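Read in order, the letters of the sequence shown are residues 1068 to 1138 in our numbering.
Hints are computed from structural coordinates only; laboratory data are not their basis. Certain hints may be false.
[What the hints assert, rightly or not] Okay, derived cross-link-like pairs now, SDA-like style, lysine to any residue, Cα gap no bigger than 25 angstroms in a straight line: (1) Lys1086 x Met1096; (2) Lys1086 x Arg1104; (3) Lys1129 x Ala1090; (4) Lys1129 x Ser1106; (5) Lys1107 x Trp1126; (6) Lys1107 x Ser1135; (7) Lys1129 x Asn1075; (8) Lys1086 x Ser1135; (9) Lys1107 x Gln1083.
Here the structure is a predicted model, which means the values were calculated and not measured.
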Amino acid sequence: MTGQLELNSRAELCRQLAKREPANRTLWMAEAENWSRLSKERSRGAAEESIDSGIAASWREKSARFLSMLA
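Whole structure, please, built from the sequences with the hints as guidance.
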């Protein structure tokens, strides 16, 4: 189960990536909007949605790439 704090953190990371990668800005902003929407639904007590494993795998890959750029 993904908590609201983690969803907000994912949205913020996507916004940071949008600034760092202007060529992929549209993609990162769309991802940020998706995570923000999920966070808002969670805070309103909406029924829990399962996050597709493909999205989760993609998120892990993008996170690892971003963290490797910071190293």
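Status of the hints after comparison with the structure:
1. Lys1086 x Met1096: holds, 10 angstroms
2. Lys1086 x Arg1104: holds, 20 angstroms
3. Lys1129 x Ala1090: Answer holds: Lys1129 to Ala1090 is near 15 angstroms, not above 25 angstroms.
4. Lys1129 x Ser1106: Since the Cα atoms of Lys1129 and Ser1106 sit roughly 19 angstroms apart, the hinted pair holds (cutoff 25 angstroms).
5. Lys1107 x Trp1126: holds, 19 angstroms
6. Lys1107 x Ser1135: violated, 30 angstroms
7. Lys1129 x Asn1075: Holds: Lys1129 and Asn1075 sit about 16 angstroms apart, inside 25 angstroms.
8. Lys1086 x Ser1135: Given pair Lys1086, Ser1135 holds - Cα atoms ~17 angstroms apart, limit 25 angstroms.
9. Lys1107 x Gln1083: holds, 20 angstroms
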